[in-house]
Structures are given as C-alpha cells and as structure tokens.
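**Student:** Spelled out, the chains give:
There are 6 protein chains.
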Amino acid sequence: VARKELISHLDRILQSKKIRDYCPNGLQVAGSETIQKVVTGVTASQGLIEAAIEEEADAILVHHGYFWKGEDERVIGIKKERLKALLTHDINLIAYHLPLDMHPVYGNNVQLADVLGLQVDGPLDDEDLSVPGNVGRLPRPMTGGEFSAWIAQCLQREPLHIGESGDTIETIAWCTGGAQGYLQKAVDAGIDAFLTGEINEPAVHLARETGTHFFSAGHHATERYGAKALGEYIADEFDLDVTFIDIDNPV
Amino acid sequence: VARKELISHLDRILQSKKIRDYCPNGLQVAGSETIQKVVTGVTASQGLIEAAIEEEADAILVHHGYFWKGEDERVIGIKKERLKALLTHDINLIAYHLPLDMHPVYGNNVQLADVLGLQVDGPLDDEDLSVPGNVGRLPRPMTGGEFSAWIAQCLQREPLHIGESGDTIETIAWCTGGAQGYLQKAVDAGIDAFLTGEINEPAVHLARETGTHFFSAGHHATERYGAKALGEYIADEFDLDVTFIDIDNPV
Amino acid sequence: VARKELISHLDRILQSKKIRDYCPNGLQVAGSETIQKVVTGVTASQGLIEAAIEEEADAILVHHGYFWKGEDERVIGIKKERLKALLTHDINLIAYHLPLDMHPVYGNNVQLADVLGLQVDGPLDDEDLSVPGNVGRLPRPMTGGEFSAWIAQCLQREPLHIGESGDTIETIAWCTGGAQGYLQKAVDAGIDAFLTGEINEPAVHLARETGTHFFSAGHHATERYGAKALGEYIADEFDLDVTFIDIDNPV
Amino acid sequence: VARKELISHLDRILQSKKIRDYCPNGLQVAGSETIQKVVTGVTASQGLIEAAIEEEADAILVHHGYFWKGEDERVIGIKKERLKALLTHDINLIAYHLPLDMHPVYGNNVQLADVLGLQVDGPLDDEDLSVPGNVGRLPRPMTGGEFSAWIAQCLQREPLHIGESGDTIETIAWCTGGAQGYLQKAVDAGIDAFLTGEINEPAVHLARETGTHFFSAGHHATERYGAKALGEYIADEFDLDVTFIDIDNPV
Amino acid sequence: VARKELISHLDRILQSKKIRDYCPNGLQVAGSETIQKVVTGVTASQGLIEAAIEEEADAILVHHGYFWKGEDERVIGIKKERLKALLTHDINLIAYHLPLDMHPVYGNNVQLADVLGLQVDGPLDDEDLSVPGNVGRLPRPMTGGEFSAWIAQCLQREPLHIGESGDTIETIAWCTGGAQGYLQKAVDAGIDAFLTGEINEPAVHLARETGTHFFSAGHHATERYGAKALGEYIADEFDLDVTFIDIDNPV
Amino acid sequence: VARKELISHLDRILQSKKIRDYCPNGLQVAGSETIQKVVTGVTASQGLIEAAIEEEADAILVHHGYFWKGEDERVIGIKKERLKALLTHDINLIAYHLPLDMHPVYGNNVQLADVLGLQVDGPLDDEDLSVPGNVGRLPRPMTGGEFSAWIAQCLQREPLHIGESGDTIETIAWCTGGAQGYLQKAVDAGIDAFLTGEINEPAVHLARETGTHFFSAGHHATERYGAKALGEYIADEFDLDVTFIDIDNPV
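Chains as they are written, first to last, in my numbering: chain H, 1 to 251; chain Z, 1 to 251; chain D, 1 to 251; chain G, 1 to 251; chain P, 1 to 251; chain U, 1 to 251.
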C-alpha cells in the first residue's frame with residue numbers, strides 16, 4: 001500500500017488531528033513510500049527496530065514513538081542510534097499515543113478490558129471525554145486476592161495490590177499506562193477498584209484512606225493490546241503482512 | 001520550645017526560603033504554640049496522624065506534607081479527615097520537601113548514601129545545583145547482582161534491577177524518591193549505575209540502550225532517612241521528645 | 001436533606017461547572033453528611049462562623065468563601081481558626097462566587113435591581129456574557145442627588161457619588177462588588193450612570209472626563225441580596241431551616 | 001534645561017530602569033525639547049493638563065501617567081482628549097510610578113511618613129525589597145481614635161478606621177495608594193496597625209480577625225507628596241519654575 | 001457620514017470582532033465625528049498622513065495601522081509625530097489588518113489574484129481557516145521565467161524567483177505580505193509555486209530542496225490592492241470622496 | 001581529534017552554555033567519534049551536506065543548524081533527507097547560532113566589520129549585552145551612494161539602500177542576519193546608518209521618518225564570515241583539514 005494512503009486512513013479512523021497530545025501522531029520518521037511488511041509493538045526501542053530489520057519490515061507501528069514534549073531535540077546518544085537504524089533501512093515509524101489509548105475498538109483501554117473480561121460501562125470521566133480510561137465491572141464479583149490472581153493469569157505478570165485481599169470487588173475503573181494520577185476520579189465516582197500500569201507514593205495513601213483497591217499491573221503489560229489489535233486490523237484492511245513483537249519490559 | 005523558634009531554626013538550617021518547590025515548606029498546619037513531643041515520618045498520611053495522636057505529639061515533621069501545586073484546594077475527602085484530625089488535636093504539621101532532599105547533612109540523599117555505604121563525590125548535576133541527588137562510588141566494586149542484594153539487605157526491600165547481573169559496577173548516581181527522569185544525567189556523565197525510588201517505562205529503554213544499570217529501590221524506602229535524621233537533630237538541639245514512625249509503604 | 005443532593009441541586013441551578021472563577025464553587029469544606037439548619041451570609045468570616053455555631057447550623061452558604069487563586073494555601077493564622085471552627089463543629093461550607101453574581105433570579109445583580117427598583121434591560125456586556133452586571137433604567141428619572149439619597153435609603157448606607165448632583169439620570173449600568181474596572185463598558189454604551197460596590201482612583205477620572213455618574217455603594221452592601229434569596233429558595237425547596245445573618249461591614 | 005538631560009537625571013536618581021512596573025517610566029509623551037516651566041501633580045487627568053496649559057507649562061511630572069498594562073491602546077475617548085491637549089500644546093508628560101513610591105528621599109512612602117510624623121524603621125518586606133512601603137512607629141503611642149483624628153488633621157481627609165478606637169497603637173506599617181493586599185505582611189510582622197489609601201472587603205475581615213488596626217486614608221491623599229517633593233528638588237537642581245497642582249479626588 | 005456608522009459598517013462586513021490579530025482593528029485614532037473625505041493607503045506612515053492633510057481628508061483607511069503587540073507604547077519619536085499630525089488635523093485613523101487580508105471580496109489575497117489573473121480554488125490551509133492566503137492556478141501554464149515576467153508586468157516590480165526558470169508551473173499558493181513562513185503549507189499540498197511579499201534565508205533552502213518555486217514580490221506591492229478596493233466600496237456605499245495614495249516602498 | 005574534545009573546546013570558547021538561543025548549540029547530530037576533515041558553511045542545507053560527502057568530511061560546522069524552536073519535530077520531508085545523508089555518512093553536524101554571532105574574534109559581526117573596514121566602537125545595545133551587533137564608524141566618511149558601492153564591492157552583492165544617496169555617513173550600527181527589528185536601537189543612539197542582512201516593510205518607514213540610512217546587504221552574505229573564521233581557527237588549533245564552502249543564496 002502507498003504510505004500516504006495508509007497514514008491518512010489511520011489518521012482518520014483514530015481521529016488523531018482532533019486529539020491534543022504530548023507527541024506528534026501518525027508518521028514520525030519517513031522510510032520507503034510503499035509499505036508491505038509491518039512490525040507492531042509497544043515502544044520504538046532499539047530492540048524493536050532490530051527485530052523489524054530482521055523481519056525486513058517497511059514500517060513499525062507503535063504506541064510509544066519519539067519527539068515527546070520537552071525531549072532533547074538533538075540527534076545524539078540513543079536517539080541517533082534509533083534514527084540511524086530506521087533511516088538506513090528505510091523503515092517508516094508510525095506512532096499513535098493518546099489516539100490509540102482512546103479508540104473505541106482498537107484502543108488500549110478497550111482491548112485490555114477484553115483481555116481481562118471486564119464489562120465496559122462508560123468513560124472514566126464523563127465530564128471530560130479527552131481523559132482516556134473507562135469504568136465498568138469485573139466478569140463476576142471477586143475478592144481482592146482473586147482478582148489479583150486473575151490479572152496475573154491474564155497478563156502473565158504479577159500486579160501490585162493495595163487493599164484488603166478479602167474484600168469483594170464488583171465495580172472497577174481502569175486506564176492503561178501511567179495513569180496513577182486518575183485514582184481520584186475513581187474515588188469520586190465511588191468505584192471499588194482502580195487498575196493502571198504504574199503506581200506512586202501518594203496513590204498508596206489515597207487508596208488506603210479512601211478504601212479503594214489499587215492494582216498496578218505494568219505500564220507495558222497494560223498497553224500491549226492496542227498496537228496489536230490495530231495491526232491486525234490493517235493486515236486485513238490493506239492485505240499487509242503484520243507481526244506483533246513483544247519486547248519484554250518489567251515496568 | 002516555642003513553635004515560632006523551632007520553625008525559624010529549621011527554615012534557616014534547611015535554607016527553605018531560597019529553594020523553589022512544588023509545595024510550601026515549613027509550618028503547613030498550625031497547632032499548639034509550644035512543642036514538646038514530635039513524631040517524624042515520611043508522609044503525613046492518616047496513618048501517621050493517628051500514630052501521632054496516640055503518642056500525644058504536638059507536631060509532625062515530614063518530607064511529604066500537603067498543598068501540592070495543582071492539588072484540589074477544597075477541604076473534602078481525605079484532606080478533610082487529615083486536617084480535622086490535626087486541628088482537633090492541636091498538632092502542628094511541619095513539612096520540608098526539596099530542602100530535606102538536598103541538605104548536606106540531614107538530607108535524604110546524603111542519609112541514603114550513609115545507609116548504603118556510598119561514597120559521595122559531588123552533586124548529580126554540577127551545572128544546576130537546584131537538582132537534588134549525588135554522584136559517587138560503591139563501598140567496593142560489585143556485580144549488578146551483588147549490589148542488588150546489598151540494597152535489599154540495607155533497605156529491607158527488594159530493588160528492581162535493569163541491567164546484566166554479572167557486570168561490575170563502580171560508579172553510581174542516585175536521587176531519592178521519584179527521580180527516574182534524571183537517568184539521562186547519569187548517562188551523560190558516563191556513570192555505571194543510577195539508583196532512585198521509582199521507575200517508568202521509558203527509563204527501562206534508556207537504561208538498556210545505553211548500558212547503564214538502573215536500580216529502583218522504592219520511593220518510600222529511599223526517602224525514609226532524612227526526616228529521621230532531622231528529628232534526631234532537633235531532639236538534641238531543643239531537648240525534645242522525638243519518635244520516628246515508619247508507616248510501611250510498598251512503593 | 002443529604003448534602004450530596006443539596007450540592008448537586010445548587011451546582012445545577014447555578015450552572016457552576018460552566019463558569020470559570022477565581023475560587024472553587026460548591027462544597028468547599030465538608031461537614032456533616034446531612035443538612036437541616038443553614039446559615040446564609042455574604043462572607044465566611046470568623047464572625048459568621050461563630051453565629052452559625054450559635055445557631056447550631058449544619059451548613060453555611062455564602063458568596064465569599066475561601067481558596068482564592070493566589071492565596072497562601074497553608075492552614076495558619078485566620079484560615080486555621082476558620083477551618084478549625086468549621087471542622088470541629090461539623091459545619092459544611094458552601095460557596096458560590098460568580099455563579100451567584102450571575103443567576104437570573106437569585107443573583108446579586110438581579111436582586112440588587114429589585115431592592116433599588118431598577119428595571120433590567122439586558123446584560124452589561126452583550127458581547128461577553130461571562131461578564132456579570134446589567135444595564136437598565138431608574139424607577140423614574142432622578143437627579144444625581146436624588147438617586148444618591150434613594151440608594152442610601154434602600155441600602156441603609158451612604159454611597160459615594162462622582163458627578164454633578166443636579167444632572168438628570170435615566171439609564172444606569174450596575175455590577176455588584178468590586179467592579180470599578182467595568183466603568184468603561186458603561187461609558188462605551190453611552191449610559192448615564194454606573195453603580196458598583198467599590199471605587200478606585202482612575203475610575204474617578206474616567207467618570208469625570210466622560211461625564212458619567214459613578215455611585216460606589218459598598219462591596220458588602222451590594223452583595224447582600226443573592227445569598228439571602230438563594231437561602232430562601234432552598235428553605236422552600238428542601239424544607240430546610242435557613243437564617244440570613246448580616247455581619248456588618250463598612251466596605 | 002534640555003529635556004534629554006532632565007529625563008536622564010530623573011531616570012538615574014529614581015533608578016527607573018531597574019524597577020519592573022505596570023507602565024513605562026520616564027518620558028511618556030514627548031513635547032518641546034527644552035523645559036522651563038513644570039507642573040507637578042498626582043495624576044495626568046484632563047483637569048491637570050488644563051491647569052498646565054493655563055500655566056503655560058512645558059512639562060507635567062506625575063505619579064500616575066498613561067499606558068498601563070492591559071489598557072486599551074487606541075487613541076480614542078478620554079485618551080484622545082488627553083493626548084491631543086498635550087501634543088497641541090507641546091507639553092511633555094513625565095511619569096514615575098513605582099520608582100516614585102520607593103525613593104528613599106522623595107518617595108511617596110517616605111514623604112507620607114514626614115507628613116504624619118511617623119518614624120521609619122525599615123522596609124515593609126525585608127525579604128523582597130521590590131515591595132514598596134515601610135514599617136515604623138507613631139510619633140507617640142495613641143489610641144485608634146486619636147490616630148484617626150491625627151490622620152484627618154494632617155491629610156485633611158477623614159480616614160476609615162477598622163479596629164477598636166480605644167486600643168493603643170505604637171507600631172505601624174504603611175504603603176501609599178491601593179496597597180490593601182499588603183495587610184498580611186503587617187499581620188505577619190506583628191505590627192499594631194496598617195495604613196494605606198484604599199480598602200476592600202476581605203481586608204476588613206483580615207484586620208478584624210487578627211486584631212490589626214486598618215486605616216484607609218485615600219489613594220490620592222496618600223500619594224500627593226512624592227511628586228510634590230520631586231518637583232521641589234528639580235526646581236532647585238535645574239533652576240526650573242515648578243508648581244504643584246492638587247486636583248481634588250475623594251478616593 | 002457619521003464616523004460611528006462608518007466604523008460599525010466596516011467592522012461588520014470585515015467581521016473584525018471575530019478575528020484575532022496583532023493590533024486593534026477599526027478606529028485606532030479618533031478625529032472628527034463626521035467623515036466626508038477619505039484617503040486610503042497601505043501604511044499609516046508620515047508620508048501618507050501628510051498627503052491626507054494636503055487632501056484635507058477626515059479619515060485615513062489603511063492595512064497597516066499602529067499599536068502592534070510588543071510595540072513601545074510611549075508617544076515619542078516617529079509615533080509622536082504621526083499622532084500629533086493626526087490629532088492636530090482631526091483625522092481619523094481606521095485600520096484593518098488580518099480582516100483586510102482575508103475578506104472574500106475586498107481582501108488583499110483575493111484582490112491580488114485579480115491583478116495577476118489567478119484562479120482561486122480554495123483557502124491556503126483548509127484545516128485552519130484563520131490562516132490567510134489561497135491556492136489556485138495560473139491564468140495558463142507558464143515557465144518560471146514567464147511567470148516572473150508576468151508578475152513584474154502586473155505589479156510593476158521585479159520579483160525574486162527561486163527555482164528553475166525553464167520549469168512549467170500550473171498550480172500556485174499565495175499569501176500577501178510577509179508570509180514566507182507558510183511555504184511549508186504549499187509544499188505539503190504539493191503545489192508547484194508559492195508567492196508572497198517577502199523571503200528569508202530558510203525559505204530559500206526549503207524551496208530548493210523540495211523543488212517548489214518561490215516568488216517574492218514585495219510586501220507593499222502585494223498588499224496594495226485591498227485598501228484600494230475597500231475604499232472604492234465605501235465611496236459607493238456612503239457617497240464619500242475617496243482617494244487611494246500609493247507611497248512607494250521598495251520592500 | 002576526538003569529537004568530544006573538539007566540541008567541549010568550542011562550547012567553552014564560544015560560551016555556548018551561557019547564551020539563550022532558539023536552537024541547541026554545539027553537537028546537533030552525532031557522526032563519527034573522531035574528526036579529521038571538516039567542512040564549514042553558513043547553513044546545513046542539502047547542498048552543503050552533499051558537498052561535505054564529496055569532500056569525505058567527518059563534520060560540518062555551521063551557523064544555521066537544525067531544531068529551531070517551534071519547528072515540526074518529525075523526521076519527514078527535507079529534514080529526513082538531510083538527517084539520512086548525515087547519518088549514513090557518519091558526518092557530525094556542529095552548529096553555533098547566537099554564540100557565533102557574538103564572539104569577539106570569530107563572531108559574524110566582528111568578522112563582517114573586518115571585511116567592510118568598519119571600526120568597532122562598542123556593542124549595539126550597551127544596556128543588554130545579550131543583543132548581538134555593534135556600533136562603530138565607516139573607514140572614512142562616505143556618501144550613502146559611495147557606501148552602497150563599497151558594500152557591493154566587499155560582499156560581492158548589491159545592497160538595498162533606504163536614504164538619500166548624497167548624505168554623508170560617518171557612524172554606523174550593524175547586526176548580521178535578519179536584524180531589521182534592531183533599527184530602533186540605532187535610531188535611539190543617534191547613529192547615521194544601520195546595516196543588516198534583511199529588511200521589512202515597517203523598517204522602511206522608520207528609516208525614512210527618522211532620517212536614518214538603512215542598508216540591507218543579504219542574510220547569507222553578512223553571515224558568511226564567522227563560520228569561515230572559526231573553521232580557520234580550529235584548523236590551526238587541532239591540526240584539522242578544514243574547507244569553507246559557500247553555497248550561493250540570494251537572500
């Protein structure tokens with residue numbers, strides 16, 4: 001497929017021009033003008049680029065690309081290595097950050113719900129739809145301990161759980177990645193539990209003092225599913241050869 | 001001691017008026033005008049306040065107080081409970097954030113070095129002294145695996161280690177708390193390893209691709225030592241009854 | 001009534017989520033969860049809180065609450081005394097600032113028009129409806145001197161009048177509180193007179209040089225009527241016991 | 001004297017290039033290039049300009065000139081009339097705002113102290129010398145009522161007094177003009193009374209609840225003395241013909 | 001015509017209240033209240049004002065007026081001379097900047113297209129209609145050299161051309177004045193050539209490296225036509241005596 | 001020489017860490033770690049990179065590099081081509097913008113003075129030394145016409161001259177590049193003429209109305225000399241092979 005056509009299709013279905021973000025979305029680094037072989041992944045790290053070179057890919061499609069607000073703009077250090085590898089092998093880098101968190105079908109939040117069997121009841125913040133994340137319910141009421149084990153089984157990664165393991169949990173709010181700052185939204189809504197990828201020190205106190213369960217299940221582990229789903233979609237839509245490559249990350 | 005005297009002594013030795021911070025430093029909530037019994041701790045959580053009430057303390061001295069920039073200013077939810085407990089029991093809340101990270105004797109960074117036997121060679125960023133943290137060396141060259149075990153033993157908490165466990169480490173940069181964003185400073189300086197309290201997803205890639213060891217040893221665990229040391233100092237200086245209370249926190 | 005229900009009713013009728021303001025509107029300090037006895041007033045001063053304690057009120061409803069932009073956020077000095085008094089007596093503090101200025105029925109501006117017999121013809125600034133205040137006409141044409149006496153009689157407070165006491169006034173613009181900065185809007189609209197609660201030095205020159213009458217009738221005196229009217233409304237609507245308490249203020 | 005010489009002399013002694021202000025200081029409107037006859041006053045109002053034309057002045061020297069931050073920049077309405085009058089008559093407008101508040105000899109604050117017999121002990125804010133105003137003592141301890149009468153006699157204008165008229169006052173902080181926002185500085189310093197030119201609604205509560213006397217003595221009345229003194233100085237220094245003209249202002 | 005009526009008519013047809021700009025639009029300097037004789041021009045320079053005085057005009061209508069963001073606000077130097085000349089002769093200054101660039105009939109961009117015979121196909125940036133400028137086609141395909149000669153003949157000014165003079169050009173984007181920063185928009189849209197009034201160093205490289213023709217035809221020369229056309233319109237509409245005066249400017 | 005050593009030497013002599021700029025200064029794109037062959041030029045355009053590849057250079061040293069504030073950060077279009085060419089050929093890009101304008105020996109301003117025989121008397125703005133540019137005198141008093149011809153001869157490029165060609169010029173202010181906005185500084189200082197690389201529409205009026213001569217001599221033409229001189233310095237200092245390549249630019 002022509003790169004131009006693929007990018008403008010993705011921009012449109014992900015509504016990327018309408019979403020304010022901390023990085024540019026869409027084509028971030030230009031490679032070859034036609035694309036046949038695509039590698040999808042979470043983060044455009046050196047490891048993922050090397051895997052893409054191995055696969056002779058024309059494009060990498062990720063959730064975490066480059067050019068974050070405030071980043072050093074010089075092409076030195078690891079940024080030089082990454083860009084050199086891409087440019088030398090004519091590999092396009094295509095990245096969607098918030099648009100991929102928020103998509104109602106391929107988005108990280110909706111895909112994570114699928115993996116965990118969560119029922120989606122609505123957005124995390126119904127007064128501000130620019131906030132990613134959702135509220136919903138567990139597949140069935142579970143104790144904190146049971147749900148912790150369920151997460152470990154579904155994501156293949158032990159979560160950190162703040163809360164009593166014997167309490168029963170029915171309702172849950174979640175947001176993939178590093179969304180510990182949204183815990184208050186779950187508290188305000190009177191939800192039993194909040195799940196995200198990272199945790200920080202103040203969130204532990206807020207969870208404990210409000211009696212809200214907190215599950216920290218891994219930034220990478222919770223954001224693995226959107227890029228994979230989007231890749232499967234374009235494989236179908238444009239008859240491309242797409243491979244999802246999961247570079248392991250403990251965080 | 002008169003509260004006024006204690007606060008103005010602390011403000012002076014910690015140079016708190018000269019340090020820009022994300023919260024007000026010094027007296028944050030006013031209680032009784034004289035202070036005899038002080039509880040020190042990391043964070044002014046409900047748990048710490050209740051322990052202070054039990055101890056019949058006149059003041060709580062912490063690293064993490066209240067009124068962070070951008071925080072909801074209303075006195076509702078957990079903030080109401082905390083303020084009500086303090087005001088009802090006439091307990092002063094005294095908090096020093098960055099000034100306590102940076103103090104050359106009682107500071108979190110210098111105290112952590114003491115606990116881990118690290119030799120302090122200089123500031124983390126010698127062009128910007130407003131950045132907390134230090135560079136230095138391990139007690140003796142160790143492999144990544146040995147140093148990981150050493151941290152676990154000193155802090156009583158297993159660190160997360162990114163890097164090869166067989167590599168030898170001699171030089172180290174560290175900054176207590178959530179300083180994962182400073183990893184680049186250690187990389188630029190050519191240091192073998194970086195230690196802080198938290199980790200995030202991009203830091204894993206930066207560490208791996210530059211071959212810099214990263215140790216995430218706990219926000220709470222790395223910031224436990226400054227408030228304790230400062231408490232011991234004022235116990236001596238003003239003949240106060242001071243107790244350090246460690247409310248456990250897994251993050 | 002449950003506090004939650006009362007607040008969400010007030011937030012809705014005052015449209016407080018849609019109005020940008022210099023303070024949070026709605027519940028500012030949480031007290032008891034049900035409310036039966038309410039004291040209304042202009043400003044949540046120590047005097048008003050003490051009167052509310054005397055009345056055994058569960059809630060105070062005011063126009064001027066706390067947590068103004070740029071205010072020192074520490075709980076010390078008079079803020080400590082006020083919060084301690086509220087929290088110790090479980091009194092909710094409910095405050096609406098701009099939303100109470102602007103409400104078309106209970107708002108300060110419309111209520112002041114009622115007290116002075118002014119006919120409301122439209123908003124003060126018909127290009128920017130976020131500006132509070134109105135334009136309209138006197139009950140009948142009066143000289144500057146007559147209208148000054150009329151204000152004194154209606155508000156029980158002598159206004160300061162800039163302008164010739166013999167001139168006839170028919171049209172008037174007004175905005176309660178400290179709205180001296182809006183005099184230019186009245187001038188641009190060719191209105192005879194402007195009335196607000198405060199005056200400053202440049203406004204005297206602008207009034208004199210454009211021949212526009214200026215009446216400064218007291219910040220407190222002009223903003224007394226909105227909280228009172230809103231209190232009467234909720235007394236009816238929720239069958240509450242509501243008392244308006246006017247703590248005298250010469251400004 | 002050549003205008004250029006006069007302005008550069010004034011800029012230097014008032015250190016106007018070093019003081020951040022809300023308006024440009026120095027020459028604001030250019031008239032004739034040599035200056036012999038000067039009118040001084042508080043505010044460059046139409047009334048003052050007309051008096052200067054009457055006096056055949058070459059320059060007006062004031063505390064309140066034009067071009068305030070946020071002001072409409074168009075030359076219409078009263079601004080057109082003022083500029084037209086100045087430009088048609090070749091009258092220079094020279095204005096010093098904060099530099100004239102703060103000068104240690106000719107400044108408004110020091111000159112007001114002279115008029116009221118106050119002893120100057122230091123700056124109002126000794127940690128931030130960019131804040132105008134001073135702290136000091138009354139000529140002798142007086143009751144609130146006595147000091148109120150004393151102000152009325154010295155300034156020929158009745159002040160508004162918040163506080164008990166029987167209390168004795170010894171120490172005082174003051175800042176000319178509209179400095180009601182600095183009351184907290186006087187409270188923090190434990191001063192008995194605060195005097196400025198204007199008052200607002202929150203200041204009344206702060207004064208009452210902290211037991212600090214507040215005297216509001218008129219914006220114009222308190223700022224009359226700096227321009228007058230500076231005029232006398234340049235009359236001497238450059239052998240100019242200088243007249244101070246006081247356009248009455250009740251605020 | 002009454003000035004008020006003329007200005008409010010112009011404000012309305014140019015929609016000047018809805019367009020964010022770097023200067024105030026509409027009446028900038030007030031002169032006589034009725035207007036009969038108008039001079040139009042590009043810039044309200046001293047030369048144009050003197051010509052207007054000669055013509056005994058009541059108003060000057062221009063594209064470039066005064067009071068640009070960041071401009072020194074003092075009335076000294078050339079600004080004093082200009083304002084003095086206007087105010088002394090009671091001449092109104094009326095200026096429309098972006099609203100005159102963008103008007104679909106009298107606007108500079110549409111008028112320039114007329115002069116050059118360009119066909120207007122749409123806005124320069126169809127995602128952001130606040131950007132002035134258009135895309136379209138040449139009267140007929142020409143080589144770079146031919147089009148350069150055509151511009152010289154139509155505008156009576158030699159353009160600077162970056163590009164091969166033998167290449168054929170069909171499509172063109174243009175924006176009058178100093179719009180060199182918009183070249184990238186033409187490049188992104190795949191247009192053959194871009195025409196504006198000024199050029200700068202980076203634009204030369206961008207044009208060369210993307211193979212886009214760049215014609216720099218003079219800031220003044222390209223912005224001459226809007227004010228002229230608008231003047232002809234008001235001459236008709238209000239039966240005014242209107243003269244366009246072109247003060248030559250090589251830039 | 002090791003790249004690290006060369007860069008840190010240049011950073012130090014140009015004091016680049018102390019100068020705020022619109023781009024990062026020093027190493028912008030990393031190539032080989034040792035440097036032997038250097039190409040110097042004005043702008044890191046595709047043309048200059050290709051010349052450097054031809055010359056088998058290890059580094060390009062320029063005045064205009066990449067990563068300007070506000071620039072699109074994506075690696076697409078001409079930016080992709082430039083970076084790909086650099087990274088594929090392991091060529092370091094070293095750029096100094098303001099530090100190279102301002103250096104007292106190798107700086108663009110001082111070097112231009114040398115080429116034109118101007119005597120340097122001091123900085124352009126002696127109250128703000130962060131402003132580049134100088135004031136001084138012509139080699140001997142010349143008429144505007146003579147000086148225009150002299151510039152054409154020295155720089156091999158016809159300047160644009162605003163002013164009377166018969167007037168005598170003795171004093172001059174200059175600033176290389178696009179410094180038309182600094183003309184007011186020359187006017188304020190009473191200098192006869194101002195020379196820079198570009199001109200815009202308002203500068204023509206300011207020059208004419210104040211009687212100050214303006215010479216626009218080409219952005220590129222005036223900024224050619226600093227990079228050349230710095231290249232000669234490092235050739236000597238580090239025994240490198242350095243070639244200056246002038247890619248012609250009419251602006």
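Each hint should be verified, as a subset may be incorrect.
Copies of the same chain are indistinguishable here, so a pair counts whether it falls within one copy or spans any two.
In the PhoX-like style, the derived pairs of lysine-lysine whose C-alpha atoms are separated by at most 25 Å in a straight line are [as the list claims (entries may be wrong)]:
#1 Lys18 with Lys37
#2 Lys37 with Lys69
#3 Lys37 with Lys4
#4 Lys80 with Lys17
#5 Lys18 with Lys69
#6 Lys17 with Lys4
#7 Lys69 with Lys17
#8 Lys4 with Lys18
#9 Lys69 with Lys80
I should point out that these hints are in silico values taken from the structure, not numbers from a laboratory.
**Student:** Each hint should be assessed against the structure and marked as holding or not.
**Tutor:** Going down the list of hints, with the structure as the test:
1. Lys18 with Lys37: neither (28 Å within a copy, 48 Å between copies)
2. Lys37 with Lys69: Classified as neither; 30 Å inside a copy, 35 Å across copies.
3. Lys37 with Lys4: within (15 Å within a copy, 39 Å between copies)
4. Lys80 with Lys17: between (28 Å within a copy, 22 Å between copies)
5. Lys18 with Lys69: both (18 Å within a copy, 23 Å between copies)
6. Lys17 with Lys4: Within one copy only: 15 Å inside, 39 Å across.
7. Lys69 with Lys17: both (17 Å within a copy, 21 Å between copies)
8. Lys4 with Lys18: within (19 Å within a copy, 35 Å between copies)
9. Lys69 with Lys80: For Lys69 and Lys80, the Cα distance is within 25 Å both inside one copy (18 Å) and across copies (20 Å).
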